[in-house]
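Using the sequences and the hints given, assemble the complete structure.
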Amino acid sequence: MTLLLAPMEGLLDHTLRDILTRVGGIDRCVSEFIRVTGTLLPDRAFVRVVPELLNGGRTPAGVPVRAQLMGSDPACVAENAAKLAALGPAGIDLNFGCPAKVVNRHGGGAALLQDPALLHSLVSAVRRAVPAAMPVSAKMRLGFNDASRALECALALQDGGAEELVVHARTRADGYRPPAYWDRIQEIREALRIPIVANGEIWNAADAQRCRAASGCHMLMLGRGMVSDPGLALAIASPERAPVPWSELQVLMRDFWALVATHVVPRHRAGRLKQWLNYLRRRYPEAEAAYADVRTVNDPNLISAYLFASQNAAAAQPLEAEPAAA
Numbered sequence: 000m001t002l003l004l005a006p007m008e009g010l011l012d013h014t015l016r017d018i019l020t021r022v023g024g025i026d027r028c029v030s031e032f033i034r035v036t037g038t039l040l041p042d043r044a045f046v047r048v049v050p051e052l053l054n055g056g057r058t059p060a061g062v063p064v065r066a067q068l069m070g071s072d073p074a075c076v077a078e079n080a081a082k083l084a085a086l087g088p089a090g091i092d093l094n095f096g097c098p099a100k101v102v103n104r105h106g107g108g109a110a111l112l113q114d115p116a117l118l119h120s121l122v123s124a125v126r127r128a129v130p131a132a133m134p135v136s137a138k139m140r141l142g143f144n145d146a147s148r149a150l151e152c153a154l155a156l157q158d159g160g161a162e163e164l165v166v167h168a169r170t171r172a173d174g175y176r177p178p179a180y181w182d183r184i185q186e187i188r189e190a191l192r193i194p195i196v197a198n199g200e201i202w203n204a205a206d207a208q209r210c211r212a213a214s215g216c217h218m219l220m221l222g223r224g225m226v227s228d229p230g231l232a233l234a235i236a237s238p239e240r241a242p243v244p245w246s247e248l249q250v251l252m253r254d255f256w257a258l259v260a261t262h263v264v265p266r267h268r269a270g271r272l273k274q275w276l277n278y279l280r281r282r283y284p285e286a287e288a289a290y291a292d293v294r295t296v297n298d299p300n301l302i303s304a305y306l307f308a309s310q311n312a313a314a315a316q317p318l319e320a321e322p323a324a325a
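Numbering (numbering that gives the first Met the number 0), first residue to last: 0 to 325.
These are computed hints drawn from the structure, not numbers from a lab. Hints may be right or wrong, so weigh each one.
Using C-beta positions, here's what the derived DEER-type ranges look like [as the list claims (entries may be wrong)]:
no., residue 1, residue 2, range
1, 266, 287, 37 to 45 Å
2, 177, 147, 48 to 56 Å
3, 265, 106, 34 to 42 Å
4, 288, 266, 37 to 45 Å
Simulated pairs of lysine to aspartate or glutamate, EDC-like, Cα-Cα distance not exceeding 20 Å [claimed, not checked]:
no., residue 1, residue 2
5, 82, 42
6, 100, 247
7, 100, 78
8, 100, 42
9, 273, 287
10, 273, 285
11, 273, 298
12, 100, 72
13, 273, 239
Computed from a prediction, not measured in an experiment: that's the story for all the values here. Beta carbons: idealized from backbone N, C-alpha and C, even for Gly.
Okay, here's the thing in structure tokens:
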């Protein structure tokens with residue numbers, strides 16, 4: 000079984016990829032999307048989203064990272080893909096699944112599922128533009144408003160040259176509302192000759208087992224479930240394995256905070272930690288208390304003091320929010 004770490008704009012960036020791949024069990028990552036809108040991007044634009052390009056296309060733990068592009072102009076996307084390929088990612092992925100309204104209004108992400116011919120043109124243009132040895136994959140949803148064209152879209156992507164396809168088992172209209180319709184992936188898997196990766200609503204090892212049974216896929220992509228439980232990939236591979244203890248997660252949170260302090264502007268740092276803690280609450284009761292402690296705190300210095308106070312103690316002391324400015 001192969002387990003992939005999902006691209007999630009605004010959540011799963013390179014800092015969290017670094018931390019989660021340290022835990023183990025992830026075979027490959029896909030970056031959050033790099034938006035292509037009519038110009039040839041400079042190298043720094045690619046490296047900003049995928050700094051792993053400076054490390055041979057791998058996270059510090061050695062897990063390969065495919066860089067994801069999103070755009071609707073085949074020539075422009077292909078030109079940028081060629082430039083990106085020269086920087087050495089583990090592959091190039093194309094985004095046809097983003098459900099964000101601001102993206103869809105401009106014809107990007109899942110909006111492209113309304114035009115299978117354009118899907119084919121985009122993939123084929125990228126395939127021609129990059130070296131033959133560079134993997135080209137794609138990620139889609141079951142459809143835009145409904146799943147009636149799911150197979151047509153999947154075939155268009157395959158025939159355009161995608162060598163692997165991730166299918167998120169919901170439409171754009173479904174958003175992230177449960178359930179995920181894993182059984183609808185089976186028709187795509189049976190009709191296509193390329194590997195199909197099932198994605199959506201996999202929160203634990205039992206979900207993974209049900210997803211595999213319903214979809215027939217032996218490759219899964221993990222997103223929010225992995226953020227909520229950093230040991231999820233290990234648990235899927237070895238269900239008898241003990242969960243990652245909270246004490247280890249505390250160490251990972253401190254490491255995450257150090258990365259955030261290096262790469263994120265001060266006003267957004269506290270929000271990044273709160274965001275992760277909010278997800279961890281689903282799996283760890285200790286995260287509930289930690290989230291309550293920092294929920295109203297925005298001063299990075301106070302957050303740092305809180306996190307590192309627990310380094311030699313069983314738990315950090317609760318924080319008081321900084322007083323409002325006069």
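Okay, the hints, checked on the actual structure:
no., hint, verdict
1, 266 - 287: 37 to 45 Å, "violated (25 Å)"
2, 177 - 147: 48 to 56 Å, "violated (21 Å)"
3, 265 - 106: 34 to 42 Å, "holds (35 Å)"
4, 288 - 266: 37 to 45 Å, "violated (25 Å)"
5, 82 - 42, "holds (8 Å)"
6, 100 - 247, "violated (38 Å)"
7, 100 - 78, "violated (26 Å)"
8, 100 - 42, "violated (28 Å)"
9, 273 - 287, "holds (11 Å)"
10, 273 - 285, "holds (14 Å)"
11, 273 - 298, "holds (12 Å)"
12, 100 - 72, "holds (19 Å)"
13, 273 - 239, "violated (30 Å)"
Consistency note: the structure conflicts with the earlier hints numbered 1, 2, 4, 6, 7, 8 and 13.
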